[in-house]
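Listed below, chain by chain, are the residues.
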Amino acid sequence: MIGLPQTSSAPRWNRRQVTLAAIAVGAVFLLGIVLSSTIIGRTGLDPLLTARNQPPSLAHPFGTDWLGRDMLTRSLYGMSLSVRVGLLAATVSALIGTSLGLAAGTLGGWVDAVITWMIDIFFSLPHLVLLIMIAFAVGGGTQGVIIAVALTHWTSLARIIRAEVLQVNSADYVRLSHKLGRSHLWIARHHMVPHVIPQLLVGLILLFPHAILHEAALSFIGIGLSPHLPAIGIILAESMRHLSTGYWWLGVMPGLLLLLTVQAFDLLGENLRALLNPKTSQG
Amino acid sequence: MQTNGLVGQGLWFRYSPRHPWTVRDISLSVGQGEVVGLMAPSGYGKTTLAKLLAGYLSPHRGSVLVEGNPLPRRGYCPVQLIFQNPELTVNPRWRIERILREGQAPTQLDRLGVHPGWLRRYPHELSGGELQRVAIARVLNPATRYLIADEITAMLDANTQAQIWQTVLAYVQQHQLGLLVIGHDAALLKRLCVGGASPKENRILDLTQPTTALVPQF
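Going down the list, the protein sequences come from chains A and B. Sequential numbering from 1 applies to the first sequence in the UniProt record's numbering. Sequential numbering from 1 applies to the second sequence in the UniProt record's numbering.
FYI, nobody ran anything at the bench for these hints, they're computed from the structure. All values derive from a computational prediction rather than experimental measurement. Beta carbons: idealized from backbone N, C-alpha and C, even for Gly. Just so you know, not all the hints are guaranteed correct.
To be verified - Restraint-style ranges between C-beta atoms, simulated for each label pair:
hint	chain 1	residue 1	chain 2	residue 2	range
1	B	His-184	A	Leu-95	50 to 58 Å
2	B	Glu-125	A	Phe-29	28 to 36 Å
3	A	Ile-197	B	Ser-127	27 to 35 Å
4	B	Leu-88	A	Gly-181	17 to 25 Å
5	A	Leu-259	B	Pro-20	56 to 64 Å
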């Protein structure tokens, strides 16, 4: 008998379990961010002049600012607001992208030409410049940010959906399906939708970090959310004035939280993509 | 010209007005219970002709008739084409059992060697040969009257090739299907088309010959 080498002693997780765990971790983290502002209450937002400019400690993990407000509370409030604004903007953007992508892919002809032309125009302009222009044109504020982000982020998703529809439509298995007696509607329902839905879902989730970062960027330069709201971009903008005086935690800690949130969305999107694709879902 | 069988009459086709004719004035017919070979090197429009006969493409001139009628525009098509690359003819997001049931209920799973263990798998988990058996099993059902096999065993080893052809030929003879075998392997075509049960009716057409050679001599 040939002695086979014993494979790993401790039971290890397979890739599917790791993927599911990553999705759970990402989702719980983001849900925690969104709900945090209602859980921790508003007490940390009130100025407490006896505890000004304190570096991070156990009582204040993110430190306090020049008015003695707890930076952890402010950052969580800001992040929660940013995620909700991003959610709204990304959803609207995904809806626009999906409908235009579907229209371009299925109708073809001049409809496709016009939509592709619009996508090219949006791609040819610097993203941030377009954002600033639109946000400024519609009057700024929360509404301006949402409209600007929603109107500028649909292009890549529309391109992906259009390509997916074109590819599936011309696939041999779709043409064979016609010959097997299936109707157009049946094919759209059973061949097309299962291909487009995962792209839409993953596209939507991967839009969030963009939306959040651009919301923060707009607020940072002062045409986004109004200054009294604890938005992450405003917190970061305020911290700039205090960086040179050594209050590093005002910028670093909220920045880290923003980074973590964006990474969590990325983790969620990438792993969901792996799970939804049969080629990678069972490995 | 006869009205029985699958008949292509004076077929012309090109992919765009700027391109030369891919199929030039070709006529051929396949009767029920008949095995016809079609042979030509690459680039002679074999696959295009197969797609014309199965209704995947419409000829610019000429017509394709089944038992005297044009191919149905909707519903199950009595002429089924089996493609050279099975990977492209299955939805990568579907499991095999769903792929098999898309048309009619398949009847020849065992004889084609479609293992029951494959049914829960996805296409990328099967090899090309295994997938080709699935693709063949999908169209071997009572609603199919004519089969067009476009180089369906070109990528398979000799054993699998033999097993698949034995099953397909037995099925074709039992149910009196018409079979058009497209290939460039002269030995295989000879074996399939001439050595069959009724050698008089079976023949091999060569696309490189003048078009008159394609019109069956009755």
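How the hints compare with the structure:
{"no.": "1", "hint": "B/His-184 - A/Leu-95: 50 to 58 Å", "in the structure": "51 Å, holds"}
{"no.": "2", "hint": "B/Glu-125 - A/Phe-29: 28 to 36 Å", "in the structure": "33 Å, holds"}
{"no.": "3", "hint": "A/Ile-197 - B/Ser-127: 27 to 35 Å", "in the structure": "29 Å, holds"}
{"no.": "4", "hint": "B/Leu-88 - A/Gly-181: 17 to 25 Å", "in the structure": "20 Å, holds"}
{"no.": "5", "hint": "A/Leu-259 - B/Pro-20: 56 to 64 Å", "in the structure": "59 Å, holds"}
In summary, this structure violates none of the numbered hints.
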